[in-house]
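Novice: Protein chains in written order, with the working numbering: chain A, 1183 to 1464; chain B, 672 to 1370; chain C, 15 to 499.
Careful: at least some of the hints might be erroneous.
What the hints assert, rightly or not - Computed cross-link-like contacts, SDA-like style, restricted to lysine to any residue with a CA-CA straight-line distance of at most 20 Å:
| no. | chain 1 | residue 1 | chain 2 | residue 2 |
| --- | --- | --- | --- | --- |
| 1 | B | Lys1256 | A | Glu1270 |
| 2 | A | Lys1415 | A | Arg1387 |
| 3 | A | Lys1246 | B | Gly805 |
| 4 | B | Lys1126 | B | Lys1333 |
| 5 | B | Lys869 | A | Glu1463 |
| 6 | A | Lys1376 | A | Glu1270 |
| 7 | A | Lys1267 | B | Gly805 |
Don't read these hints as lab results, they were simulated from the structure.
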Amino acid sequence: MSITNLLNNWSFYRKKRPYQGQYDLNRQYSEYKWAMALDLDICTGCNACTTACYAENNLPVVGKERFKHGHVMHWIRIERYWDEKMGEFPEQGASFLPMMCQQCEEAPCETVCPVGATSHTNDGLNSQNYHRCVGSRYCSVNCPYKVRYFNFWNYPSTAWPAPLPDQLNPDVTVRTKGIMEKCTFCVQRLNEAKSRARTEYRLVRDGEVVPACVQACPTSAITFGNIVDPKSKVAMMWKNQQVDLYKDMQEKDNSVRGYRILEDLRPFPSVMYLERVRDMEA
Amino acid sequence: MPNVHPEDFVVPGLSVFYASTCTQCGSACGVMGRVREGRVLKMEGNPESKISGGKICGLGQAAVQVQYNPDRLTQPMMKVGSSLQPVSWDKAMAMLEEKTGPKSGINGDEFAFVTGAMSGHLKVLAQNYLDSLGSKNHFVYEALSPAVGFAANKQVYGVDMPRLRFDKAKLVVSFGSDFLGTGASPVHFAAEYAKFRKAPRGTLIQIEPKMTMTGANADRWIPIIPGTEGVFALGVANQLLKHGDFSKTVSVDIVNLVGKYDPDTVSGITGVSSDLIGHLAGLLWEKSPSLVISGASVEGHVHGVQNASAIQILNRILGNVGKTVDGQAQSPFPQLAPATGSFASLKAMNDGMGAGTYKAVFIYGANPVFTTPSFMGFRDNLRKVPFKVAFVNAIDETAEECDLVLPIYTAVEDFGSHIAWYQPEGVEITMQQPLMEKLYSDTRSMGDIMLDLVKQRRADEYKNWPDFRSYLKTAVVNIKPAVKYTDTDEHFWYDTLSRGVIHVDAPQQQIAESFSTEMLDLPTTINSPDPKFPFYLIPSERHYFRDGRHANCGWLQESPDPLTTVVWDSWAEIHPKTAESMGIKEGDYLEISSQNGTLKVKAYLFPGIHPDAISIPLGQGHESLGRFAKGVGVNPFRILNPVFEKDTGELAMYGTRVSVKKTAESEIVVKDEGPVSTQMGRKLVVTLPADVAQLSKEI
Amino acid sequence: MVNTYEETEVAVEKRFVPKPLDINADIAWAKINKDILRSLERPRPIFWVIFIASFALFLVGVSCEVYQYQTGMGVANLNNPQVWGLYIATFIWWIGMGHSGTLLSALLHIMHADWRKPIYRYSEAMTTFTLLTAALFVMVHLGRIWQFYYVVAYPNERWTWPNFQSPLVWDATAIGTYLTSSLLFLYIGMIPDLAICRDNAIGIRKKLYTFMSLGWMGTDRQWANFRVTYLTLACFLMPLAVSVHSIVSTDFAASQQPGYHITSFPPYFVAGAIYSGLAVIITLFIVLRYTFRFEEYMTMPILEKLAKLTFAAGMVWTYLNLIEYATTWYGNDMYAKQALIYRATGPFAPEWWMMNFLGSVLPFALTFKRVRASIPVMLFMSIFINFGMWLERWMIISPTLAHGIYPWTWDDDQWPSFVQWGIVAGSFGWFNMLFMLYCKIFPSVSMYEVKEMLHERRFFKSTNVATARDSAINPDLAVEGGLAS
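All chains should be built: construct the whole structure from the sequences, respecting the hints.
Specialist: Below, the structure written as structure tokens:
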């Protein structure tokens, strides 16, 4: 972004903010906009996604002492909530919530990074440039979901005693101390699929590529895909659940389960959750 | 590792996926290993497998951490004095030959082979070796075995394990069965559960003393006094019979039997309100077909078989048999069928060791020193055996005691074939093949070792097979006619390996028409409190730890327990009400004592547990096994009382009573959860009543 | 070289001896020079003791930072979500203190409040050094301190720029600008005095002062240029000083974090900055007055004025603080309200209540004349007010981060480790070192401006515009100047 470019395209940059009705998905993204739908009714909280993420993305195992100090690096975590109106026993079970980077369209982390290390890609991901990151941790402060994880230690030197480094995924870097990291929607898989598709003169097909968590999930609670493609499952689900990517207050029927977390803060997250269902008569 | 002249199929930068079988638990899920530059990087589900359906759990993914574990045993070890010293394979095999070979003069009765659950051709080979020795002492031992459940099923249905159709059921009532987390086939059942929850959405009711992961997903979770589940079930049956005419499906025996269990009596025994019993009966009547299942917390009692049978009877009464409870396919290869293991067999072996019967003991796939209660004195008895051999990936508590410890291939380096004891559809033989070259040159395949051992006495019969691979190939090719494969043997072999599974169509097992109610005389005084040991101990099974054999995987240690989110530790779950009355806060160290020992463990206040129960998860408290496991947490196996299931002789895991004493020490509980456990008014997880949701309109 | 200590002693003894009146003015001005240059003399041993102690403290900070650099930020006991801890809190505190110096100097210069003259020089120096200290924290808090220059907008062939949307970049720019202009303001205001030093110095100091005084001869043309430049800079600095802390506040106000996301933060921060800055000016006032025996220059009426100003600033701060609570309360935003309740009742409650007490209740003691007139009490007050203001910054950072929007990641247990405390302590050592060196190299009271002030007073006195009673300067000097009668 040179200054000349900025000046010449001022009106474009000025209008780029996605406010309601201002622009639509297809104008913003011509080919890809990755999105997710996560069904909380069938998520069992089993943590298979977390382990898959550790395996795919070279997440360090931090150990008990560091976990105690809040230095854990799980890009996707399973939260367990008890109902607020719970009596003596949790009679309706627990609520499990897998929480990963929501890849917000108006990501609060992006605007505050002093060096522009986190920014939006042209396929709608909120990317994290490890090389550029200076570790101010401002993005973490501003992330409402607190899904950004900072390398408080030099994990490459401690977290993988030999021969564990042989397991590391060569497609993903191992992050050093002092930088921020987070869920990437397994961007290494997406990029591979995109370039493969490009060599075959086509777009990535629905279901051709999924992040590691989606692939592992034993109940298939997570759906992933390209929301620009109206025929993709995830796009149909979003439409069916009456959730609009660029709305902060969804106008939807009561019976419809789709919602996004902390939508009122207007980050426009790319992950739609489907409400947990409970049989109240049981 | 990367070679100067790599194999043709090794293209730098490109991943190759090889099908194999996960051996982390007994489910035998088909998996795919992602291999790059000759290294296996990640385990993923094999979509060809009907068990895994292309999915995988965290435990399965940790197979690569077993492979690259920093504490793997890389060379044979021999006991010199009191410590294990490295030796060469030649020396180790020579010692095996000396102690158990034809010239050793050992007779079959003096030899024992302890293994974990086994199936497939390795089991056949092990059996052949025992035959060659003239020994019948194959002790299949699993600390968390399904033996009691099998006995109950046998009694009610005439089969060990029926096929459970979650997808067809409108209502599932689970008595302590953590089918989503542990047990028969969690990955498969999770997929079935997902189907069950799709429109028309089924309802899940869980009745158990301590909330399991399955309980956490239930629409209604009902705490119950441990051991009274059967009484509760009969109470439900009692109420159910009032809803309609069951004269055709229900025998007079049952009517008479359940007559005794009126709601008030049952409520008094189980601690569940009598309204709830009627309510549950009403639901079962309303939502048909339903499915009633029982699990570990039902079976782990003196009357475990009866307890489980009483619950299974509900399926009979409701007419679920044939609808949601079905026969599994009858495997046409009985010799390959899984030996699921039991505690009773180990007990017999332990007694034998104590009596000095055995001169040589081989141990493979089991860690009895760790998983047996202290009252058995297994360690001391094992020391009495003159020659002990362990076949391991890493030195565990049992291997520490052995004279010879042989490092074997991990599951991702070895060949094998497996048949799971829960088969969703047909019979699936899952094939295991090496996903990479062996990591350490001084390790060997268990199959190769077994073959060598067999050859000690039957060299002629086995001379055609230089290694286990060739043996397996011959054996697998023999299956070809059963699957009506028409191409060459060679094609079949490679086709099988690349697909990872062999599906064999087989007729369903027949579920018995009738069953006897003779044994169904449940004690009514199970809950009489013992003033010295007022609490029920629940040694709960963690979904990624099970009996603790993979506790040395960092991923598993750091994977938070789904309900408490505690990591890297053991903890005691105690109900907040009980804790309050005893002045216990989270992190206080508790001394939990049974007649057989005391554990000191941090308290975690957990609402999902019966106020009279204390739960400590299994799998931690290793004294060996490696850096990630050693010294982490406590081992509740140690303090279990000698209480046995009366019909099967299994250890009654839930039969131990404990006392709880607060100590002055306190420490932060290391967990993922923050200081609050609710959503604090935020709209994070929203719950929609099932009658409002319109799942059928969803995509 | 300036006078020896003994000579000065004698001079002080002789101070009250009546002198012939006609050349009095010149003598008194020379005495001003002597008095102030005296502070540049060879220090007493106690100076070295304190200096070495400060240096040791600084080394503690440096070793903590080296340890943190080597090992990672984890040693500081920072975590997710408490990612900033004491570093950013102390950063705001130091940068806030820096406000009063220049602001006081520039504002009062423009307003022609002449009582600023004896105290503005050290205040400006204090500003410069607090900014340098604050800048350290910006670096220290970075995960990759070795790449801090990424934050700076420097031209490079890859066209990579910092993210101008980020308040941190505004911050870096604002602090950089403020530091540069403050340094310039301090230096330019010092030129005539440096010339005096030059005229009195020998050896290496002579070379230094000669170089730094830029050939100041005191000609009319130089004075005219000097005045224009100085006034221009003062006008420039005024809004800048306000903007810096406003911008620092946008680090928080522009974020989504409940407890940060408050519109009143800019004035609140500026008020807090001026408040703590005034307090530290009082502290240094008392210390310098005592150390260098500046009683004739740093007089009680000035302290009185400073105390009143501090009280005023304290009340503005209190008002804005209460406004923050009140708007949070009746704004009824769940997140912000919970965060507020958490601050008042959570694990940080003792610190929070202490901060409110020290910041809002303690200054009421300043309404009593006896308090304002008592130097020990004022020293105590100023230090505790500043401690309260440090707590305020900490209470903005830590409890808020610990208790954000997302309940799962709330964190009650994290307490700063010795590394954080060590670096905070080291920053005091660093500041002390710089300030002590400054006091021994440069005149900490402006000589020419005090003379100017004296001259003006004499002029006004002779024309009966002002009375000696109102004079902030020690009436003794005026008497000595021969215009008391």
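Novice: Work down the list of hints and note, for each, if the structure agrees.
Specialist: We went through each hint and held it up to the structure:
For the suggested pair Lys1256/B and Glu1270/A, the alpha carbons sit about 17 Å apart, so the restraint of at most 20 Å is met. Using a Cα cut-off of 20 Å, the hinted pair Lys1415/A and Arg1387/A holds, with the two alpha carbons roughly 11 Å apart. A hinted pair counts as satisfied when its Cα atoms are at most 20 Å apart, and Lys1246/A with Gly805/B does not qualify at roughly 50 Å. About 59 Å separates the Cα atoms of Lys1126/B and Lys1333/B, which puts this hinted pair outside 20 Å; it is violated.
Our distance criterion of 20 Å between C-alpha atoms is met by Lys869/B and Glu1463/A, whose separation comes to about 18 Å. For the suggested pair Lys1376/A and Glu1270/A, the alpha carbons sit about 52 Å apart, so the restraint of at most 20 Å is broken. Pair hint Lys1267/A plus Gly805/B does not hold up; C-alpha atoms about 65 Å apart against a cutoff of 20 Å.
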